[in-house]
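Colleague: Here the protein sequences line up with chains Y and U, keeping their order. The numbering of the first sequence is the working numbering, which starts it at 5 and goes up by one. The numbering of the second sequence is the working numbering, which starts it at 5 and goes up by one.
It is possible that some hints are incorrect.
You can't tell identical chains apart in this list, so a pair holds if it fits in one copy or across any two.
[Unchecked claim] Each computed DSS-like pair below joins lysine-lysine, with the alpha-carbon atoms no more than 30 Å apart:
1. Lys198 <-> Lys308
2. Lys192 <-> Lys308
3. Lys201 <-> Lys269
Rather than coming from a laboratory, the hints here were simulated on the basis of the structure.
What follows is the residue order along each chain.
There are 2 protein chains.
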Amino acid sequence: MTALTVRQAAERLRAFDNVLVLTHLRPDGDTVGSAAALCAGLRALGKTAYLLPNPELTDTAAPYFRPYAAPEGFTPERVVSTDIATTALFPENAKPYAGRVDLAIDHHPSFEGFGRENVVRPSAAATGEIIYSILAALGPITAEMALPLYVAVSTDCGCFAYGNTTARTHAVAAALLQTGIDFQAVNKTFFRTKSRKRLALEAAMLSGIEYHDQDRVAVLAVPLSLIAQVQATETDAEDLSALGGQIEGVDCAVTMRELRPDVWKFSLRTGPRVNATRACALLGGGGHAAAAGCTVEAPFQEAKRRMLEAIAQTAPDFTL
Amino acid sequence: MTALTVRQAAERLRAFDNVLVLTHLRPDGDTVGSAAALCAGLRALGKTAYLLPNPELTDTAAPYFRPYAAPEGFTPERVVSTDIATTALFPENAKPYAGRVDLAIDHHPSFEGFGRENVVRPSAAATGEIIYSILAALGPITAEMALPLYVAVSTDCGCFAYGNTTARTHAVAAALLQTGIDFQAVNKTFFRTKSRKRLALEAAMLSGIEYHDQDRVAVLAVPLSLIAQVQATETDAEDLSALGGQIEGVDCAVTMRELRPDVWKFSLRTGPRVNATRACALLGGGGHAAAAGCTVEAPFQEAKRRMLEAIAQTAPDFTL
């Protein structure tokens, strides 16, 4: 793959026109915000730039995407992808462009370099940080660029709370806030708003927590009956495994979600004492040391028993 | 009051020695982190500096405070206060110093300027931002100063999520992270850890939410019976009014906590449609447009009815 510096990427973009920007499957704040900011930056240079409509756009991200959505029949000269690690993550309508991406911009360590030319910065907390650098090399950062960039950066680092946050992340945020954007509205939408159904799910999970191993292991369950009772959507049930990770004194949070009757998807979030990926590997799964998962086909009690035994096998001082 | 610039305050501190630093009642991350960082900065200049022990120190803040706690019998030449708006917020053991504070450093708009000399910056998200500027004027910021400063700054701006966050706040955070501190441990302790009792309180509150006014008003109750059942401490029950403020579609979150039998403390968190302070004023309370409170002596149903009527009187399109 041909790797470009930020400055080279800026020069390429200065020469482009009629640009189509691609976002990934299950679009998050980073892909949407990065792509929208790039469009805003290109338009500030007098160019025509659009986002390829993304069929899975969420309600929260839509306001940042819509102003740049390509009209039907738009024929691009140039194609750029933002925050897409592999063409396997292209939405269906982006597949025709898989072989003709002129510039791919991404921050994932697993980035496959599928573009004709590529910019990759695995140290960046968000692709938005890279886009910021590119746009800053092209001209002044306006509020139109800063707002979606703030969405991109803040969502990928959990509003500056996650470990991928760096001094650079805060420096970029400082520059974005300098433009006077309403970052508060973004924070409220993405970090301080939960649907009623989501809150009902959380309340039920918290009420039913089971503690094991001297209260160091917590088990939180999301049976199909709960999803049905709350009428929860996939969005409501996203990232529920984070809930158990915040309990004081717990260093192994086990979230078990029933996918189909008696088929349980386990997610483990662990501290240094418990190796999540080793425990999950015993049940055919995998992941990282602090976050891993697996799927077990068994009734609730049996599935839970198997997981607790797998944890016991990998955490030496485990006491049932 | 005599107001100093940051640079003047740095020069005063350079001339001080045997310094005692005071923190406020119910100490939060900002007062503890600011005071600890100031001690670290003064010690880096070869001076003797201590914190006056604070009897209400919390477990989360204690690790940042303890290394600087004054030994019994320490006789200060100079007294500095950090993040204390008024001498009314001096802990009991600080009262003897109320008339002899040499330098008071604070960011509250209500700061009373009780020091012989004072530094006040109401635009700062945290007193920690001011301490950062003062220490930066005195020499290089070390990790020993940066870690408590990160505690001070991040806790007062809700980990960069609150509206008081500014470009300057992020710029300070960038400088602090540059020293290589383990900010992740701080984030986990202060923003991603909840006690089991806290989670039990939240679960019960969420399970019992009542919606009114076309689901735009949510009422969450914390009766004495719930506190007793959970055996919750004051720390577990802190800032529970934030919980209702995150419900999608709700622009008036009412939290009612029973202080004594049939005495309810109301906290309102509202959007632009409802003026919280006007509603609470009808019941003898007050506050800000978006956050206000009052106390009502009445049984639960009656207290709730009075508050809903007060909201109805101030929100024109309210429908019971």
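Colleague: Each hint: holds or not?
Modeller: Structure-based check of each hint:
1. In this homomeric assembly, Lys198 and Lys308 come within 30 Å of each other (Cα to Cα) both inside a single copy, at 28 Å, and across copies, at 24 Å.
2. When the C-alpha separation of Lys192 and Lys308 is checked against a cutoff of 30 Å, the pair qualifies only between copies, where the shortest distance is 27 Å, while the shortest distance within a copy is 36 Å.
3. Taking identical chains as interchangeable, the C-alpha atoms of Lys201 and Lys269 lie at most 30 Å apart whether they share a chain (20 Å) or sit on different chains (27 Å).
Consistency with the previously given hints is maintained throughout, with no hint failing.
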